[in-house]
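2 protein chains.
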Amino acid sequence: MIYPDTLQKLINFYKKLPGIGDKSAERMALATIEISKTDIDDFANALQTAKEKLNKCKICGHLTENDICNICSNENRNKNLICVIEDYKSVFSFEKVGNFNGVYHVLNGLISPMESIGPEDINISSLVKRVESLENPELILALKSSIEGETTTLYIKKIFENKKVTISRLSYGIPMGAEIDYLDIITLDKALEDRKKISE
Amino acid sequence: MIYPDTLQKLINFYKKLPGIGDKSAERMALATIEISKTDIDDFANALQTAKEKLNKCKICGHLTENDICNICSNENRNKNLICVIEDYKSVFSFEKVGNFNGVYHVLNGLISPMESIGPEDINISSLVKRVESLENPELILALKSSIEGETTTLYIKKIFENKKVTISRLSYGIPMGAEIDYLDIITLDKALEDRKKISE
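If you read the protein sequences in the order shown, they are chains A and B.
Here the numbering used here is used: position 92 in the first sequence is 92, and no number is missing along the way.
Here the numbering used here is used: position 59 in the second sequence is 259, and no number is missing along the way.
No lab work stands behind these hints, which were simulated from the structure alone.
Note that the coordinates shown come from a computational prediction; the quantities given were computed from them, not determined experimentally.
Yeah, the Cβ is synthetic: ideal placement off N, Cα and C, and Gly gets one too.
Treat the hints with care, since some could be wrong.
Unchecked claim - Calculated cross-link-like contacts (lysine-lysine; reagent style DSSO-like; alpha-carbon spacing at most 30 Å):
no.	chain 1	residue 1	chain 2	residue 2
1	B	Lys251	A	Lys16
2	B	Lys279	B	Lys363
3	B	Lys279	B	Lys289
4	A	Lys96	A	Lys53
5	A	Lys190	A	Lys157
6	A	Lys16	B	Lys237
7	B	Lys253	A	Lys51
8	A	Lys51	B	Lys215
9	B	Lys237	A	Lys89
10	A	Lys9	B	Lys223
11	B	Lys363	B	Lys344
12	B	Lys256	A	Lys15
13	A	Lys37	B	Lys253
14	A	Lys37	B	Lys215
15	B	Lys258	A	Lys9
16	A	Lys96	B	Lys223
17	B	Lys256	A	Lys16
18	A	Lys58	B	Lys223
19	B	Lys251	A	Lys15
20	A	Lys89	B	Lys209
21	A	Lys9	B	Lys237
22	B	Lys237	B	Lys251
23	A	Lys89	B	Lys215
24	A	Lys15	B	Lys215
As the list claims (entries may be wrong) - Some chain B residues near chain A, calculated using beta-carbon distances under 7 Å:
no.	residue
25	Lys209
26	Ala231
27	Leu247
28	Ala250
29	Glu295
Full structure from sequences and hints, please.
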């Protein structure tokens, strides 16, 4: 046994985290024991309360410590504009952008026939109920451009066919600042197809 | 506030660890809340006991949960052969190699006139006492090849001059598997100087 027991336990935990191998876990564990007792106690507390308190918002499925998340309970947000996303990580991404004033709906997955994930396995029925209760709702489907993302987008589009719902999806195209010669042909093809007129 | 409070606390803690930026800290915090309650509780406990229990071995200065570390208290290790190292991280490195059967002495720093760290600021006086109590001791100075490492090596060599102590240092040379054309000239120069005769 190379490490003292408690140090080995810290290493084992860090190795469970994404992208952390043996070497990083050791480095992190050794750094951990240099951190002040107050910070360690705070962290140990946060770990346990996170596990107890964090749950899904009853309206949108986003991560929250309460019944309703702070986005759904914010009176200044437009409840008729719903951005539909795969998981709560995307909520954080959009909130960092800070320009979106609507609310979210977290599907918690995508339809994937390959992995036998059907529409009933993800958070779609609650989306339908939610939309039905609104006047002139608008949905923005912000799902990734994969087979699963496209399938889910098409499925949701179909559900709301002939209903008074405006539906859009994120635009595809060249990422800002990207070198055109390094782009994959599918992205370039999409960017060409979805080109935007800039002359009068 | 983009993140729920407890999640933000987890992120803040992870950012204190070496090499962890905003993005990695978020990813790690989100992964943390997916880990089982048992593992989280174990980790929270290990964090707090690590802070309480881990201290320095009274003989060698290595990290231990007891008064004397498991290397110093191991009867099968050769107490007359002491490997002198900068910090306890090096102990773990040598122990992973697994071929060293002596014991260690952790200096907990190197002499550095630039940073006003003198011999009295690092763990040298205890080394002298330790060596004086031994019969035919041998010291291996395993310090890094920097100005501070060289200074400390020379200083320790001088202390034990005219005393019955065998002193050696790690060999310098080409790292195993390294491409010779990519090596820095100082390493190459050392490797040439310290060349080893292989003919009879």
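Broken hints, by number: none
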